[in-house]
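Top to bottom, those sequences are chains A and B. In terms of the numbering used here, the first sequence opens at residue 1 and continues consecutively. In terms of the numbering used here, the second sequence opens at residue 1 and continues consecutively.
If you're looking for bench data, these hints aren't it; they were derived computationally from the structure. Among the hints, a few may not be true.
[Unchecked claim] Taking beta-carbon pairs under 8 Å as the criterion, some of the chain A residues facing chain B (in silico):
(1) I38
(2) L267
(3) P271
(4) G387
(5) S389
(6) E393
C-beta: ideal position from N, C-alpha, C; glycine also.
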Amino acid sequence: MTNIGKIVQVIGPIIDVKFPPGQIPDIRTALKITFKDIQSGKPQTILAEIALQIEGNIVKAVSLQPTEGLSRGMDVVDTGKPLEIQVGRKCLGRLFNPWGEVIDGKEPIEDAEYYPIRRQAPKFVDLAFEDKIYETGIKAIDLLSPYVKGGKTGLFGGAGVGKTVIIMEMIHNMATHHGGISIFAGVGERTREGNDLWLGMKETGVIDKTILLFGQMGDLPGSRLIAAQAALSQAEYFRDVAKQDVLFFIDNIFRFVQAGAEISTLLGRIPSAVGYQPTLDIEMGRLEERIASTKNGFITSIQAVYVPADDFTDPAAAITFSHLDSVTVLSRKIVEMGIYPAIDPLSSSSRILSPDIVGEEHYSTAMAVKKMIQRYTELQDIIAILGVSELPEEDKITVNRARKIRNFLSQPFHVSEQFTGLKGTFVKTEDTIKGFQRILQGEFDDVPEQNFLMKGTIEEVIQSCI
Amino acid sequence: MADITLLKQRLSNISSVHEITEAMQIITTILIGRSQKLLAYRRKIQPYFDRLLFSITSRKNKIDQSSPTEFVIAFFSEKGFVSSFNQQLLPFLTKQRRNPNLIIVGEKGKHFCERMKIPYKHFFHAATTIPDEAIIEPLYDILKENNFPWKTKIIINKYNNMFQQKPGIIDLFPAFEEVYNPTDAVTDVDQDSLDRIIIDKFVRDRLYYLFIQNYTGEIGSKLLVMKNAVENSELLKEEISKDIYIARQTAITQELSEVISAYKVLQTREEK
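Go ahead and model the full structure; you've got the sequences and the hints to work with.
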């Protein structure tokens, strides 16, 4: 028999529903409400997920869709199961919203397999690790914060520093140089960007190996909260059932935290530091722990992390740091210098940047680059006050080479060809290392620093001097 | 948000640099005033010496003008923090790489020669304070030993004013386009002795003038550098102070919101 409750209160996306005594559904159960749309007059169904149970047989549910048109006393159907999403090969090449509807205008998927959106992390014994570099073709990343195959990577940066562009470039490079399945979760970002990505993928033919799922800016917090988890369920299917390696992109994980904070406040929880939800740690932990590689297959994840007001001590950014294998930090100061990608070489790091894993040559080059840029940074104040001409000779050489290195860390991207007018490049790691080694050795001391800007390999720099 | 402690440390470092540069600016301002006065005086009397010299050279060849030996004296600053004062002389210096009679004046010039492996015959220090006439003696002796070589060239920043110092090569013994009528003065001493005295005096005076010019230029450049440094450090201090205020304000806001939240939690418990 269908368990039916009645709406007693609606505050924004939070719906209070009263069920008959003894029939209160479990936490995280999906509820369904059918009502007449206030504008079109057509019947409409929305989904909500139970988040709290309070006294008086009342549950507080978080709606995934707008609640305009709901009224007290309306019937609410207990579905008896958690929120689910379609998974499997049939989903490849399709676009979804977080509650599993296809949004690409095509026919719905028939006979699809379903996975719950909220799932358990893999067991400790099933986890697998392989410290292998995942080549991105982006010099600054491959040299200074190499990504781990089957690991988690964060792209940190404030608003408008280029996180999404890097993710798009990586998706492009993945399609052209790696192959394999990739899943993209758009969480709380611009719908336009999602559309660009979808059209771009269709154009390049990558779409057939990709699943896109969007819970974007205009969606309710409930939708944004489960978007990453829903996409992750799809990734888990390929890992566990199809036993395939998956590339999993999230843009932007901060929006997941933000959605959690919005819901937490609406549910009446006391906020924690900087107004975040008191359950920030556990929410983030549950999501991040699920992004794991097992004996069945690897999930290599790349997550964009928005840093509010460029404050890296913000709890949302700080809590994300602890889960990651590699961290790529994007800096506004570097953006202001017109260097793209605006990767901060000193703040970016990787667990695998050690001689045992990446090799002595790679390690020593990366360290020398960091050391030189560190020295240059230390000299910045003196240069700002007295100018470069007053520095001792050895520091002048350091500054000269560091500026060239800084410029050489830039690179033209395939996805931004229409903006820069420059052909995008994929640079192999060995070419990257060689290029930086030659700059460090002073081979290009006579070449103007402008020649190093927006170049792929060092050969392109040499070419520009002729 | 940046760490307040680190920002304060940075501010303190910049404040120290600011204090030093400001003190140096005051000192150089005083020095350049005195130096410019001296230079103006030398500029006034220099044409008289030039005329006297010309009266000799036009009458008879008191100085061997056909001597093939070319001496070059390159004037550089004695100390640093002079912006491009020395740098702009380098193209002239490098052209003299093969000159066996290169004389360097100023510590910085010596460093450049060593770095660029330019051999030099003699080195003398430039003035570190307002030069007195004795500073020319060692250089004068060298020229005298070589019978005041006519083809002596000087590499120097020609001082017009603090903002205009033109690098170039000039002759120690200037050639005149104007023609002066030599005067047949009646003197107690014979003409040759008088000529020797004039040449001697001319070289001394000319060298001293060059030393003063070089020193004034060095001080002028230093003053400009210090003036810019003071301005830059003030701007930097201002920027960092703003960052500190923002970081402090953020910390206060965060602390307040946490205190209020904690208070509300305690209040809710009490109500229960």
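Okay, the hints, checked on the actual structure:
Annotation: I38 (chain A) was flagged as interfacial toward chain B, and the flag is violated, the nearest CB pair being 36 Å apart, outside 8 Å. At about 14 Å, the closest approach between the beta carbon of L267 (chain A) and any beta carbon in chain B exceeds 8 Å, and the interface hint on this residue is violated. For P271 (chain A), the interface hint holds, the least distance from its beta-carbon to any beta-carbon of chain B being 6 Å, beneath 8 Å. The restraint placing G387 (chain A) at the interface with chain B holds, with a minimum CB-CB distance near 7 Å, inside the 8 Å limit.
Hint status for S389 (chain A): holds, given a least beta-carbon distance of 6 Å to chain B, under 8 Å. Against a cut-off of 8 Å between C-beta atoms, the interface hint on E393 (chain A) holds, since the closest Cβ of chain B lies about 7 Å away.
Hints 1 and 2, counting from the list given before, are not met by this structure.
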